[in-house]
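Asks: Protein chains in written order, with this note's numbering: chain A, 637 to 973; chain B, 637 to 973; chain C, 637 to 973; chain D, 637 to 973.
I should point out that these hints are in silico values taken from the structure, not numbers from a laboratory.
Check the hints yourself; a few may be wrong.
Repeated chains share a single entry, so a pair holds when one copy, or any two copies, can fit it.
List of simulated lysine to any residue pairs, SDA-like, C-alpha gap at most 20 angstroms [claimed, not checked]:
1. K933 - Q812
2. K679 - V832
3. K828 - G886
4. K898 - N924
Keep in mind that this is a model prediction, so the values were computed, not measured.
There are 4 protein chains.
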Amino acid sequence: MLNTYIIGASGYTGAELAKMVYTHPHLNLAGLYVSANSLDANKPLSELHGQLKGIVDLPLTPLVDPAAVAAQADIVLLATAHEVSHDLATMFLSKGCQVFDLSGAFRVKGDDFYSQYYGFEHQHQQWLEKAVYGLAEWNSQAIEQAQLIAVPGCYPTASQLALKPLLKSGLIDKNQWPVINAVSGVSGAGRKASMVNSFCEVSLQAYGVFGHRHQPEIATHLDCDVIFTPHLGNFKRGILATITAKLAPGADAEKVAAAMQKAYQSQAGQHAVRLLGEQTASIQNVVNTCFCDIGWKVQGQHIILTSAIDNLLKGASSQAMQCINIRNNYPQLTALV
Amino acid sequence: MLNTYIIGASGYTGAELAKMVYTHPHLNLAGLYVSANSLDANKPLSELHGQLKGIVDLPLTPLVDPAAVAAQADIVLLATAHEVSHDLATMFLSKGCQVFDLSGAFRVKGDDFYSQYYGFEHQHQQWLEKAVYGLAEWNSQAIEQAQLIAVPGCYPTASQLALKPLLKSGLIDKNQWPVINAVSGVSGAGRKASMVNSFCEVSLQAYGVFGHRHQPEIATHLDCDVIFTPHLGNFKRGILATITAKLAPGADAEKVAAAMQKAYQSQAGQHAVRLLGEQTASIQNVVNTCFCDIGWKVQGQHIILTSAIDNLLKGASSQAMQCINIRNNYPQLTALV
Amino acid sequence: MLNTYIIGASGYTGAELAKMVYTHPHLNLAGLYVSANSLDANKPLSELHGQLKGIVDLPLTPLVDPAAVAAQADIVLLATAHEVSHDLATMFLSKGCQVFDLSGAFRVKGDDFYSQYYGFEHQHQQWLEKAVYGLAEWNSQAIEQAQLIAVPGCYPTASQLALKPLLKSGLIDKNQWPVINAVSGVSGAGRKASMVNSFCEVSLQAYGVFGHRHQPEIATHLDCDVIFTPHLGNFKRGILATITAKLAPGADAEKVAAAMQKAYQSQAGQHAVRLLGEQTASIQNVVNTCFCDIGWKVQGQHIILTSAIDNLLKGASSQAMQCINIRNNYPQLTALV
Amino acid sequence: MLNTYIIGASGYTGAELAKMVYTHPHLNLAGLYVSANSLDANKPLSELHGQLKGIVDLPLTPLVDPAAVAAQADIVLLATAHEVSHDLATMFLSKGCQVFDLSGAFRVKGDDFYSQYYGFEHQHQQWLEKAVYGLAEWNSQAIEQAQLIAVPGCYPTASQLALKPLLKSGLIDKNQWPVINAVSGVSGAGRKASMVNSFCEVSLQAYGVFGHRHQPEIATHLDCDVIFTPHLGNFKRGILATITAKLAPGADAEKVAAAMQKAYQSQAGQHAVRLLGEQTASIQNVVNTCFCDIGWKVQGQHIILTSAIDNLLKGASSQAMQCINIRNNYPQLTALV
């Protein structure tokens, strides 16, 4: 049993992680932590997330001595803010822990990225270089060897899993930037009080037009410019991405299908992508599951793909768990189905 | 045209009032005010409530000189917090304005009521004595003469309109307290950021069990003890009250129907109650309308009534407008249908 | 007062029309009709649409003698299925009635269009030629002269109002087809029982990919190929269209803004478009209003526009009413704000 | 491994059952059946319930030879209509199968019950006598010995689990009938197309006032008259019951708490009831769980209880699974947490 700690356990992602670790046959949920000055400190997790009552009643311990945690930990899950992950990760890494970071702090290499898109100067370029991007279906070999895994964001996961097979096979005309329209449930904004997330104010609406930091995360990892427009939807969880792209000369429906099959079909049951063919993906079918559903249709030289995930699971927690499973040689969907 | 001012215009109730006054043929929407230190000060109302763009773009003026407003005002609508209404009303009254207060500050007479249920000592007992309770269908004669009208709360309106005809006719066994279960849309909690109103946290749930201050408002005005259990529902607006009561000896379905008809049917088109007979009231049918729908069914010695209103309209703004109409001899539903 | 009849009045669109005609100062709501074998025949409209109780209680008369209706009618609103409108319209036209058709039966000229996209051969090519497309903000001069107005569909209205000013001014690169992603509330599918519209089955999902008949309606009237992907959203009413396009060489943010201003700003208050500049359109702000909100943002050579309407109002009923107002020289938003 | 068959597997309850049986360590999901003329016959279950894709892709076999199923079955789950269960159960029983019936066909003993409330004459009085009511927390000893378990309805489960401890201890004044107001998610009406369940028509509303057949089920099993008013809520799953009762003379908050503790606390972790004390139950906390949350508050001689379950789980499928676990000596919450 590997001792597993969750730092930043009070939010929606933390609660999902806690439940997964609790049910995992090879992990021991050793402790839940929040920042030392959190208003939720010392409350049982189940007081904040009532559905966990009787299941995970562990308290949210204030994190005053990270080194003491590191000394006990085999695995550390960071469900913390970007800067907090940036500051904490190296200490856990230096003590030999496996670190799975759900923030954006180690997702994209490059000198200027963090100052430009996250508002802080990255201080740990060496670890940034070593970090492996935890897109489970595509980076499993690297994940197996990594000590620091940067779990992708929710929009990037839905977008990349759909586009990557086609780009890899040269089936997309990259001169005409793919258009990614995505709608996220409100839980994507985290567990907090705000006017924007207030029940009466939520209504389908685009935000962050031409300015969301998941755009460069997607474009960098796909090595392809994209136009990405996120929307807030009036539902609690789930993301649907609808992607329109132009096919490269010579590409057709058959080649697209073959690329999808090659990417995902051969390893059926071993990963979390489900191919829908010409059906369209639906949020309802993926919510509360670890899966990414992908459908697509070709007409002439255009393709429309739909890709759906649970933003808190495949877009965060269950993808982190997939990475843990890969890293430690457990079946990839352990504790997930 | 009567000069009409709305104080506390930034909330959901204020926005509804503004639109009604704007469309009213005999009222002039002279000004919108917010407290002097409001973060919304000087913004156009339509910046907060985008549906009003192009209709009511008036700014939210900070209220620094209430006396100057009073000097211009024929009618003042107070959509302010209880204490603010308590403090402001008398100044407007002393200048001869008609004051329609949507807060709880003047709803219930009695020495201890405000210290017990609202947490402040009432300083204006004379005006509290003179205030008329603006339950439009029942107090129109008094409203016609009043200078200060205390518009009832949302739960009390739905509850009283259903029970009052039966109690008036002695058809309810008051020894067995009527049970009022009511569910309100989230807008009832006002326009503000809070965890409780956060989209992801809202879920049907009772609150304020045995402790909501609308219970004594209902009981006092009905002169009948009641058990009142409010619930937060997962919808934006509307209230449904389901009321279970024991009939008095000798009461039956026929007498109940006659009492309902007598109370509401004779003045059809002149007021905002719609009788449904044995059908049940539905929130969908009253949302965005000024109506209270009431259905009921008798079996043996028990009766179940359902009563539905739009909490922001018949439970606040449109009832205030009904009172304005009554007070100034306009047809009662002017600007409302 | 013009005698106005609504054929096909039982649906959501019909109910909205009935209420508007009822409140219109120059129209007389003379009758509501449904097909002769409708299960709703002879019921009061308010039995189907409870919110209209006490407002429009007129019965839904079975339409057995259209000629008798035509003899009385100044204005006929057809809220009927495409084939029914196709079959009925000419009779009313031949009797001199003004006909406002909310179906697709007269929206697009061309020999093959109806056999290809609607599954029937059009039999009234002369009237199809004469029909004026009722996109109110763009065709008012033609509408003033027309006897048959084909009111645009909901998706085409949201899409065209956003794109037309830019295409007119040559600001869009038509070689790279604009991508229109749109999400509609469930009421767009009409008032009927079906698994797809069942409460438990509704979940954000694309449908009709590369195959929806609103695509050719949009492309034909804009004279520009477009990729149009409709989605079903988990809300009752409203449409949000998010449109991504490439600008023509030389086009920039300033020219875009000028084109928008020229199209819509000069006639403020006279039409139903509201410009949001760089803000994004939101469904909540247009639901229950007659407005189309349009926002946009330019970056480099790309533009993203968001356009929101109430699908039952600006996407159907209120646009029909705008056309009636234009045709009869009433202020364009009469009965609408 | 016990061979387990689900008859009537196409609905929401069937899908939940299939997933539970699939994940149960001691059960083998041997087959899924639908009625021979079902439109869903031969489709994979995951075609109807997309979230099960890749998990339960078994086909829905048309049930043409029940005896052949019985010959293979250790356990039969009937998620069928009342009459179908009534007709099928005895055949499976005669072959020695354990039968867990989720319909109402064997829930209440007594000659007239089925003709009065279900519209058919019960033909299997002997099995009706032998059937054990599967309220897991209360009847475990009888369930251990039973061959036919009648799993309680959703409203009765939420209501009885809250009231039973108090009635057992004589703490309720039975002369004043407890008032049960309950709101159910739309999935309670089953997977089917209907106007009532149509997305645009659903709105919080009472139904079946004084006439729902769960009232006699509750009253009989509690041996106490109750007033039960069900409501349809605008959410997919979950039930919240708010119960108001008068305490018996001498009863007080302390005795109530003791009765609750005695009933549920002593067997913590062994059953599916969670006590909330003075907190109120919330649908969000129980949806997708097997738990019933119960809160309560006493004031004077009255008590208000709130009780929440997932209608498809503790109100149907997970309670059936609890019964299977009890009957076969597995830990009671196997496959449930």
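Asks: For every hint, state whether the structure bears it out.
Replies: For each hint, the structure was consulted:
Within a single copy, K933 and Q812 get their C-alpha atoms as close as 18 angstroms, and across copies as close as 19 angstroms, so both meet the 20 angstroms cut-off. In this assembly of identical chains, K679 and V832 lie within 20 angstroms of each other by CA distance solely across copies; the values are 18 angstroms between and 27 angstroms within a copy. Proximity of K828 to G886 under the C-alpha cut-off of 20 angstroms is found in neither arrangement, the shortest distances being 49 angstroms within a copy and 44 angstroms between copies. For a Cα distance limit of 20 angstroms, the shortest separation of K898 from N924 qualifies neither inside one copy, at 27 angstroms, nor across copies, at 35 angstroms.
When the structure is compared with the earlier hints, violations turn up for hints 3 and 4 and for no others.
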